[in-house]
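Listed in order, the protein sequences are those of chains F and G.
The first sequence begins at 1 in my numbering and counts up by one.
The second sequence begins at 1 in my numbering and counts up by one.
Careful, some of the hints might be misleading.
Quick partial rundown of chain G residues pointing at chain F, CB under 7 Å, derived from the structure [said to hold, decoys possible]:
| id | residue |
| --- | --- |
| 1 | Leu89 |
| 2 | Arg105 |
| 3 | Gln118 |
| 4 | Ala123 |
| 5 | Leu137 |
| 6 | His143 |
| 7 | Val184 |
| 8 | Ser188 |
| 9 | Leu226 |
| 10 | Thr237 |
| 11 | Arg256 |
| 12 | His260 |
| 13 | Ser272 |
| 14 | Thr273 |
Incomplete in silico selection of chain F near chain G, CB under 7 Å [said to hold, decoys possible]:
| id | residue |
| --- | --- |
| 15 | Phe141 |
| 16 | His143 |
| 17 | Leu226 |
| 18 | His239 |
| 19 | His260 |
| 20 | Arg281 |
The set of hints was computed from the structure by calculation and includes no laboratory data.
The structure presented is a predicted model; accordingly, all values stated were derived computationally and were not measured.
Backbone N, C-alpha and C fix where the C-beta goes; we use that ideal spot for every residue, glycine too.
Letter by letter, the chains look like this.
2 protein chains.
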Amino acid sequence: MNGGAGQRPQRIRRGVVHESTTGKDTAVATIGESEFDRATRLIDGVGQIVDGWDVGGNANGGYLLAMAARGMAAEAGRPHPITVTGHYLAPGRPGPVTLDAEVVRAGRRFATVRATLQGAGGAILEVLGSFGDLDGLRGGFSHVHGSPPPLDPPASCVELAAGAPALMSKLDVRVRPGDVGFGVGRPSGVAEVAGWFGFADGRPVDPLALLLVSDAMPPAVFNLDLRPGWVPTVELTVHVRAVPAPGPLRCVFRTRFVQHGCLEEDGEVWDSTGELVAQSRQLGLLPRG
Amino acid sequence: MNGGAGQRPQRIRRGVVHESTTGKDTAVATIGESEFDRATRLIDGVGQIVDGWDVGGNANGGYLLAMAARGMAAEAGRPHPITVTGHYLAPGRPGPVTLDAEVVRAGRRFATVRATLQGAGGAILEVLGSFGDLDGLRGGFSHVHGSPPPLDPPASCVELAAGAPALMSKLDVRVRPGDVGFGVGRPSGVAEVAGWFGFADGRPVDPLALLLVSDAMPPAVFNLDLRPGWVPTVELTVHVRAVPAPGPLRCVFRTRFVQHGCLEEDGEVWDSTGELVAQSRQLGLLPRG
Numbered sequence: 001m002n003g004g005a006g007q008r009p010q011r012i013r014r015g016v017v018h019e020s021t022t023g024k025d026t027a028v029a030t031i032g033e034s035e036f037d038r039a040t041r042l043i044d045g046v047g048q049i050v051d052g053w054d055v056g057g058n059a060n061g062g063y064l065l066a067m068a069a070r071g072m073a074a075e076a077g078r079p080h081p082i083t084v085t086g087h088y089l090a091p092g093r094p095g096p097v098t099l100d101a102e103v104v105r106a107g108r109r110f111a112t113v114r115a116t117l118q119g120a121g122g123a124i125l126e127v128l129g130s131f132g133d134l135d136g137l138r139g140g141f142s143h144v145h146g147s148p149p150p151l152d153p154p155a156s157c158v159e160l161a162a163g164a165p166a167l168m169s170k171l172d173v174r175v176r177p178g179d180v181g182f183g184v185g186r187p188s189g190v191a192e193v194a195g196w197f198g199f200a201d202g203r204p205v206d207p208l209a210l211l212l213v214s215d216a217m218p219p220a221v222f223n224l225d226l227r228p229g230w231v232p233t234v235e236l237t238v239h240v241r242a243v244p245a246p247g248p249l250r251c252v253f254r255t256r257f258v259q260h261g262c263l264e265e266d267g268e269v270w271d272s273t274g275e276l277v278a279q280s281r282q283l284g285l286l287p288r289g
Numbered sequence: 001m002n003g004g005a006g007q008r009p010q011r012i013r014r015g016v017v018h019e020s021t022t023g024k025d026t027a028v029a030t031i032g033e034s035e036f037d038r039a040t041r042l043i044d045g046v047g048q049i050v051d052g053w054d055v056g057g058n059a060n061g062g063y064l065l066a067m068a069a070r071g072m073a074a075e076a077g078r079p080h081p082i083t084v085t086g087h088y089l090a091p092g093r094p095g096p097v098t099l100d101a102e103v104v105r106a107g108r109r110f111a112t113v114r115a116t117l118q119g120a121g122g123a124i125l126e127v128l129g130s131f132g133d134l135d136g137l138r139g140g141f142s143h144v145h146g147s148p149p150p151l152d153p154p155a156s157c158v159e160l161a162a163g164a165p166a167l168m169s170k171l172d173v174r175v176r177p178g179d180v181g182f183g184v185g186r187p188s189g190v191a192e193v194a195g196w197f198g199f200a201d202g203r204p205v206d207p208l209a210l211l212l213v214s215d216a217m218p219p220a221v222f223n224l225d226l227r228p229g230w231v232p233t234v235e236l237t238v239h240v241r242a243v244p245a246p247g248p249l250r251c252v253f254r255t256r257f258v259q260h261g262c263l264e265e266d267g268e269v270w271d272s273t274g275e276l277v278a279q280s281r282q283l284g285l286l287p288r289g
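This is chain F alone, in the form it adopts within the complex (with noise of 0.2 Å):
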């Protein structure tokens, strides 16, 4: 997950999308070309991790869940990751990386891949997942029992800034302005993140970085009263479930049991339409603040 003791924010302030005052770049960057995309390319399975896709210097889960999915999807000839599941082996730092991937099956409707992402040091992540065309899945019997979180405009969320992880000058990331009390010493007492989620160069969020999005919040359970610390991921799963319209997207995660030095997060994300387009959740490892 994305947080650390060193790194929870000392300062945050409420910001605008897409205003300048953010220091980030306003122009629109498109998929292919984007800082998103330049992170996560791989040319005959080699890839690097970028340096500024971190927390504390270690690599974002869901970034480095998008790189391998990204490969296993060219492997696999599919567009879309359907379901992802990675499993967290060690810490990824910066640089070259190799991703071995492996078509277990190609069916009609899904390829299913296997695929190991390494290091310098060994292996990082392995990572099981399917894959298809979203696109071609779509329409039929519809059922929707949730609804997105509420949330106030982007504008009067808040911005982690100065202190946040080095990966939030990636993001637009905005959060709900009672879920980061944490930051100061004051807890929710409610284990909920919430929050609108954009690239910082505008690029659209497309399937892919779906995987990202369901990793890129601070974790919902440093609203609980105990010390923020590193959250290391065990397991995250993300179900992608319709490609995303136009538009930021809302976000809300929530731990619901933690228990026995383990803790649970249930991610739901949805786009500008109303439609919930990923579900996610991790196994992690209680703060050891």
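Fit chain G to the known structure of chain F by using the hints.
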């Protein structure tokens, strides 16, 4: 998931746990010497999909996941599954299978293992899991936002009998009366199924068996207004959170999002002391009745 168009219960009856009128063995089997243990045994990576653990001829997904995880835990030399994900590649038919398991990383706390379960016709299941010792994780900060589903005693719940999947003869599953109306054309309208879980032969439920529990109930989606039918599981992830205390388990499965041909089902399994012992989520395909 555990359901098929031709396999939905035509008759339902009330039953009493351990009463001989169920026609089930009332002797208490032990871990290692039970039907479940015999049906999941692997010797030098070779096992058998045993007839009777199926739904309409296809082996139950939780049963297959448990068989694979048993071999993976042995390969890793760790007692318990902690988080296990299976991707279902082809139906499992009775007959010999082989498990090819590889330890990806053996850490202090967890060992991560990938595996392929192969049948006569090719790969059936691809699995990725982390294994460890739940007893060694006990204690520490605890936060539980949730509680076991409200259930009448097992004797007042409904046993799926004639017409139910063959699997049910191996289990002592008692479903909340309001949740089985789908079997007689009266779905509740709420995509939820709750009930009690035990083994028919009285074997205690250990962490390995929780993988079976997580896929043992009729699909929650059957309680929506669509024709019950075969609900193939694409992916199933189970987090095992604690070793269950003795006694029957209370389970609840809910489907919140059905869209574009896919559905998720979330499960919670609680032991007799009221502790959450497993959480599951699966991605399945909509019934095509």
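Now for the hints, and whether the structure bears them out:
1. Leu89: holds (4 Å)
2. Arg105: With a minimum Cβ separation of about 4 Å from chain F (threshold 7 Å), the hint on G/Arg105 holds.
3. Gln118: Check failed: Cβ of G/Gln118 comes no nearer than 11 Å to chain F, outside 7 Å.
4. Ala123: holds (6 Å)
5. Leu137: Because about 4 Å separates G/Leu137 from the closest Cβ in chain F, which is inside the 7 Å limit, the hint holds.
6. His143: holds (4 Å)
7. Val184: Since chain F brings no Cβ nearer than about 21 Å to G/Val184, farther than 7 Å, the hint is violated.
8. Ser188: violated (13 Å)
9. Leu226: Check passed: Cβ of G/Leu226 comes within 6 Å of chain F, closer than 7 Å.
10. Thr237: OK, holds: G/Thr237 within 7 Å of chain F, min 5 Å.
11. Arg256: At about 4 Å, which falls below the 7 Å cut-off, the nearest Cβ of chain F leaves the hint on G/Arg256 intact, so it holds.
12. His260: With a closest approach of 4 Å, the G/His260 hint holds.
13. Ser272: violated (16 Å)
14. Thr273: violated (12 Å)
15. Phe141: holds (6 Å)
16. His143: Holds, about 4 Å.
17. Leu226: holds (5 Å)
18. His239: Cβ of F/His239 sits 5 Å from chain G, so the hint holds.
19. His260: Because about 4 Å separates F/His260 from the closest Cβ in chain G, which is inside the 7 Å limit, the hint holds.
20. Arg281: holds (6 Å)
Of the numbered hints given earlier, the model fails hints 3, 7, 8, 13, 14; all others are met.
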